[in-house]
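Residue numbers (the numbering used here), protein chains in the order written: chain C, 494 to 748; chain V, 452 to 725.
Hints are computed from structural coordinates only; laboratory data are not their basis.
Be aware that a few hints might be false.
EDC-like mimics (lysine to aspartate or glutamate), calculated; alpha carbons at most 20 angstroms apart, straight line [unchecked claim]:
{"id": "1", "chain 1": "V", "residue 1": "656", "chain 2": "V", "residue 2": "716"}
{"id": "2", "chain 1": "C", "residue 1": "525", "chain 2": "C", "residue 2": "611"}
{"id": "3", "chain 1": "C", "residue 1": "677", "chain 2": "C", "residue 2": "607"}
{"id": "4", "chain 1": "C", "residue 1": "742", "chain 2": "C", "residue 2": "721"}
{"id": "5", "chain 1": "V", "residue 1": "635", "chain 2": "C", "residue 2": "596"}
{"id": "6", "chain 1": "C", "residue 1": "622", "chain 2": "C", "residue 2": "596"}
{"id": "7", "chain 1": "V", "residue 1": "624", "chain 2": "C", "residue 2": "563"}
{"id": "8", "chain 1": "V", "residue 1": "626", "chain 2": "C", "residue 2": "654"}
{"id": "9", "chain 1": "V", "residue 1": "626", "chain 2": "C", "residue 2": "596"}
{"id": "10", "chain 1": "V", "residue 1": "624", "chain 2": "C", "residue 2": "596"}
{"id": "11", "chain 1": "C", "residue 1": "679", "chain 2": "C", "residue 2": "697"}
{"id": "12", "chain 1": "C", "residue 1": "679", "chain 2": "C", "residue 2": "515"}
{"id": "13", "chain 1": "C", "residue 1": "677", "chain 2": "C", "residue 2": "563"}
{"id": "14", "chain 1": "C", "residue 1": "679", "chain 2": "C", "residue 2": "660"}
{"id": "15", "chain 1": "C", "residue 1": "679", "chain 2": "C", "residue 2": "596"}
{"id": "16", "chain 1": "C", "residue 1": "578", "chain 2": "V", "residue 2": "623"}
{"id": "17", "chain 1": "C", "residue 1": "610", "chain 2": "C", "residue 2": "678"}
{"id": "18", "chain 1": "C", "residue 1": "578", "chain 2": "C", "residue 2": "528"}
{"id": "19", "chain 1": "C", "residue 1": "567", "chain 2": "V", "residue 2": "716"}
{"id": "20", "chain 1": "C", "residue 1": "610", "chain 2": "C", "residue 2": "660"}
{"id": "21", "chain 1": "C", "residue 1": "599", "chain 2": "C", "residue 2": "648"}
{"id": "22", "chain 1": "C", "residue 1": "525", "chain 2": "C", "residue 2": "714"}
{"id": "23", "chain 1": "C", "residue 1": "679", "chain 2": "C", "residue 2": "528"}
{"id": "24", "chain 1": "C", "residue 1": "578", "chain 2": "V", "residue 2": "621"}
Computed footprint of chain C on chain V; a stretch qualifies when at least three of its residues, placed anywhere within it, have a C-beta under 8 angstroms from a C-beta of chain C [what the hints assert, rightly or not]:
{"id": "25", "region": "462–470"}
{"id": "26", "region": "615–629"}
Idealized CB from N, CA, C, for every residue including glycine.
Read off the chains here:
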Amino acid sequence: MEDIVNVQNVSLKYQSPNGEIEAISNIDFAVKPAEFVSIVGPSGCGKSTLLSVIAGLLPPTAGKVYVNGELVTKTSPMVGYMLQKDHLFSWRTIWQNVTLGLEVQKCKTKENTDYVKDLLRTYGLYEFKDKYPAQLSGGMRQRAALIRTLATRPEILLLDEAFSALDYQTRLAVSDDIYRIIRKEKKTVIMVTHDISESISMSDRVIVLSGRPAVIRNTHEISFAGPDVPPLARRELPEFRGYFNAIWKELDIHV
Amino acid sequence: MSKKKTKEIKPSKERLLYLRRTRNEKAAVYSVRIFILVAIFGLWELAGNLGWIDPFIMSQPSRILNTIANLYAKGDLFPHIGISCLETVVGFLLGTVAGTLIASLLWWSKFLSRVSEPYLVILNALPKVALGPIFIVWVGAGPKAIIIMTLAISLIVSILEVLSGFMATDIEKIKLLQTLGASKWQVFTKVVLPANFGTMVNSLKVNVGLSWVGVIMGEFLVSKAGIGYLIVYGSQVFQMDLVMASVIILAVAAAVMYQGVLLLEKKFVKEKQL
């Protein structure tokens, strides 16, 4: 199968009055359609920078990124982005929040809004569409944030520590929930996280980055016995521990 | 549903006690407030009658009421209040709108904002009253000079306050819009502006007070009408009753206007935004 995302020898240096910081160095990997790839690395290693480059928000200092065969120079409707917090706007209703992308891209057609309504119905938020974010639970808000991202029908989702603002129990439930939605919608995902368990429980492949400047240290193909095991179930399986230990060693975490 | 439930359940003894206590406390606060007001005016009146103070210099509540009644009878009361209120409203609306517009420009261009920074700091530190005579020479002694005076007082503060609100807009929210492909204009209209609605209303509230300062200062300097004019005129002809009456009218007008802005705020800034 053709690669949908192709990251070729990407490096990025930040300039500041105090000097130059090399955030990522020579990162090279490719992602197949409908694949779920996680990138783990120590805090502050440049994982989010890498996502910003893939999203077209930051130009790399060296190297190239291709999405669907096209060179990335600016943001593309092909790519959706989910941030750490849901960032639902408190002054907008859920409906106005989930259609924000359509509004920004000036494509609020009936066909598109019908699609969003379907998403809301499928994922149990339709009755809440006229409520304000403050009236929803954390998990529901994260769902709403995902629907906002899905509304513009991106092929690729970039998840930037998308669950880390939630408390532990909610995070387990929400990541399971979001995983099922993503699989059902057959999206390609690149997820950045510092949580090893989260990466193993959700992805087909885990890329381990070093500390700054981030280089790829290793790549793990994740496979569990049985077809498409969801995150919560994966955590119970014997393979889980093996993957965890291997990645833990590579991350070289010290306190 | 939940409303119904709380209605059905009989409140506990502790709850009733708590409710009664808070009610009593509230009543006590109100009573003491009214008592203080009555006591001050009563004592003032009494002191004048008993000759403890000279009512010609210190005035007296009864004389103040008489003065207000006279002003009203001559048809002077509301025109004077009206002109001052109008100048104030124009001043604070103009100050807030112009302040927001300039803050928007400075948010838009980081270069412009860095260039203007020292100028804003100096203008903010300068006592604006010093500019009064300059405005009078430039635009003439009249309502125009007064409104420019109020603007001078409120504008810089508005710019600084609104700009700092704009700058403090959550970067992640801006990033979210950028990931959706938003232009800078869309970032401004869809995040920065709505996220700072509260800041702008706050600036409006501050400007109500500042505009009154500007209007009274301006009227001291130039006017032929208005509450500030009454105060200056009264002191020049040594009619302390008129001065005191004007100050009390001013206090009431300023309080009513501030309450009006609070009501507007309640109406437009709904709870969901907090």
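Worksheet item: Which hint numbers doesn't this structure obey?
Response: Hints 2, 4, 7, 12, 13, 14, 15, 18, 19, 20, 25 are the ones this structure does not satisfy, whereas the remaining hints hold.
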